[in-house]
Amino acid sequence: MFVDEVDIHITAGHGGQGCLSFRREKFVPRGGPDGGDGGCGGSIHIIASPHHNTLVHYRFHPEFRARRGAHGEGANRSGRNGGDLELEVPVGTIVYEMTEDGPIELADLTDVGQQLLAAKGGLGGRGNARFATSTNQAPRHAEPGLEGEDRQLRLRLKLLADVGIVGFPNVGKSTLIAHISAARPKIADYPFTTLSPNLGVVGLSDNRSFVVADIPGLIEGAHSGYGLGHRFLSHLERTKVLVHIIDVSSASGRDPLNDYDAIRRELALYPTDPNDEVRPLDQRPQVVAANKIDALDEPSRLDRLSAVLREQEVPVYPISAVTGEGLQPLLEALWQTVSSTAQSVPPATQ
Numbered sequence: 001m002f003v004d005e006v007d008i009h010i011t012a013g014h015g016g017q018g019c020l021s022f023r024r025e026k027f028v029p030r031g032g033p034d035g036g037d038g039g040c041g042g043s044i045h046i047i048a049s050p051h052h053n054t055l056v057h058y059r060f061h062p063e064f065r066a067r068r069g070a071h072g073e074g075a076n077r078s079g080r081n082g083g084d085l086e087l088e089v090p091v092g093t094i095v096y097e098m099t100e101d102g103p104i105e106l107a108d109l110t111d112v113g114q115q116l117l118a119a120k121g122g123l124g125g126r127g128n129a130r131f132a133t134s135t136n137q138a139p140r141h142a143e144p145g146l147e148g149e150d151r152q153l154r155l156r157l158k159l160l161a162d163v164g165i166v167g168f169p170n171v172g173k174s175t176l177i178a179h180i181s182a183a184r185p186k187i188a189d190y191p192f193t194t195l196s197p198n199l200g201v202v203g204l205s206d207n208r209s210f211v212v213a214d215i216p217g218l219i220e221g222a223h224s225g226y227g228l229g230h231r232f233l234s235h236l237e238r239t240k241v242l243v244h245i246i247d248v249s250s251a252s253g254r255d256p257l258n259d260y261d262a263i264r265r266e267l268a269l270y271p272t273d274p275n276d277e278v279r280p281l282d283q284r285p286q287v288v289a290a291n292k293i294d295a296l297d298e299p300s301r302l303d304r305l306s307a308v309l310r311e312q313e314v315p316v317y318p319i320s321a322v323t324g325e326g327l328q329p330l331l332e333a334l335w336q337t338v339s340s341t342a343q344s345v346p347p348a349t350q
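The opening residue of the sequence shown carries number 1 in our numbering; numbering runs sequentially from there.
Rather than coming from a laboratory, the hints here were simulated on the basis of the structure.
All figures in this text were calculated on a predicted structure; none of them were measured in a lab.
All C-beta atoms, glycine included, are put in the ideal place defined by N, C-alpha and C.
Any given hint could be a false lead.
[Unchecked claim] Quick list of simulated restraints, FRET-style, between CB atoms:
| hint | residue 1 | residue 2 | range |
| --- | --- | --- | --- |
| 1 | Glu86 | Glu298 | 54 to 60 Å |
| 2 | Arg23 | Ile104 | 30 to 36 Å |
| 3 | Glu100 | Glu313 | 33 to 39 Å |
| 4 | Glu100 | Thr323 | 56 to 62 Å |
| 5 | Pro103 | Ser250 | 34 to 40 Å |
| 6 | Val56 | Arg24 | 53 to 59 Å |
| 7 | Val56 | Gly102 | 45 to 51 Å |
| 8 | Gln283 | Glu86 | 35 to 41 Å |
| 9 | Gln312 | Gly253 | 36 to 42 Å |
| 10 | Val3 | Arg80 | 15 to 21 Å |
| 11 | Glu100 | Arg304 | 20 to 26 Å |
| 12 | Asp150 | Gly253 | 55 to 61 Å |
| 13 | His9 | Leu204 | 43 to 49 Å |
Taking the hints into account, I'd like the entire structure generated from these sequences.
Here it is in structure tokens:
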């Protein structure tokens, strides 16, 4: 199950209580205070891990509490600190704190091993030995431990991929990613076979590689929440290049050029925050893969698509995701575009 957004509640450990104690030994009638400090409560860290690609493990376990610190003891013995708690999330997870004024972004975990101190454990209370002075040699006061931080968080995953594969349902996106990478998505001849994004790594010669994401089939109105598209369009925000998979065969009864225009409209209408330095989806470099040429019975469908997009300076690559025909030129073009694009998606022009 692919889950890309969850709400969790975390509570760091409370600090242990300081000890109120006096030294009691034979022949030491005035031993003085010897109460130790309480241990510090455990903190909670959120860490980006390469071993996860979904947040599903938090959907059914949304409550996390770190251990509290142990209480101080006599003989100046401090309590043991509570152990820290580490929560692993997929790389690309954004952490928000949920407040009355709305969510506040705390961290965007885009690198393996990157971590956030999400909730700090409470300090342990001081024992009465800490309060002894020249004028108060027998203090009868010790501190309670401080409470650990308590937070309501939202975790939102945005996949990290160089290339995003988009298109209407049943145009061959999953077949393509299965052919060019080791990803094995579910493939069948009916709409919405893909119900969650799939990631795959494309390997080329000379140790070159890039990551592709197969986004579930879009439909018109996806930007407004229709179908499955709106839920997953956010996963395109980090991509450098978009590949439109267009079915040029006549079997579907669809018009290739109309399909391309419809997907472009959905990308253009997808809302982006003007304060974010993120290029709108429809302004990313784009490539069209004219799929199913192995079943092409009307060449004019491909010719018309290529002619119109050539005027728009959009490259078109005829391919067959089933037989592999035409895939190598497409992959080389994607590599060139990915490698020539800045490491981070450039900001939109104002």
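Checked hints:
The supplied range of 54 to 60 Å is met by Glu86 and Glu298, whose beta-carbon atoms lie about 58 Å from each other. Range check, Arg23 to Ile104: about 49 Å between beta-carbon atoms, so the 30 to 36 Å window is missed. Restraint check, Glu100 to Glu313: a C-beta distance of roughly 49 Å breaks the suggested window 33 to 39 Å. Restraint check, Glu100 to Thr323: a C-beta distance of roughly 57 Å satisfies the suggested window 56 to 62 Å.
A hinted range of 34 to 40 Å for the beta carbons of Pro103 and Ser250 is inconsistent with their spacing of about 47 Å. The hinted window of 53 to 59 Å between Val56 and Arg24 holds, with their beta carbons roughly 56 Å apart. A C-beta distance of roughly 25 Å is found between Val56 and Gly102, which places it outside the suggested range of 45 to 51 Å. Between Gln283 and Glu86 the beta carbons are some 39 Å apart, a value that agrees with the proposed interval 35 to 41 Å.
Distance hint check: the CB atoms of Gln312 and Gly253 are about 25 Å apart, inconsistent with the given range 36 to 42 Å. Distance hint for Val3 and Arg80: a CB-CB separation of about 36 Å, inconsistent with the stated range 15 to 21 Å. Checked against the hint of 20 to 26 Å, the C-beta distance between Glu100 and Arg304 comes to roughly 55 Å, which is inconsistent with it. Separated by about 57 Å at the C-beta atoms, Asp150 and Gly253 satisfy the suggested range of 55 to 61 Å.
For His9 and Leu204, the hinted distance range of 43 to 49 Å is satisfied, since their beta carbons lie about 45 Å from each other.
In terms of the numbered hints stated before, the structure departs from hints 2, 3, 5, 7, 9, 10 and 11, listed from lowest to highest.
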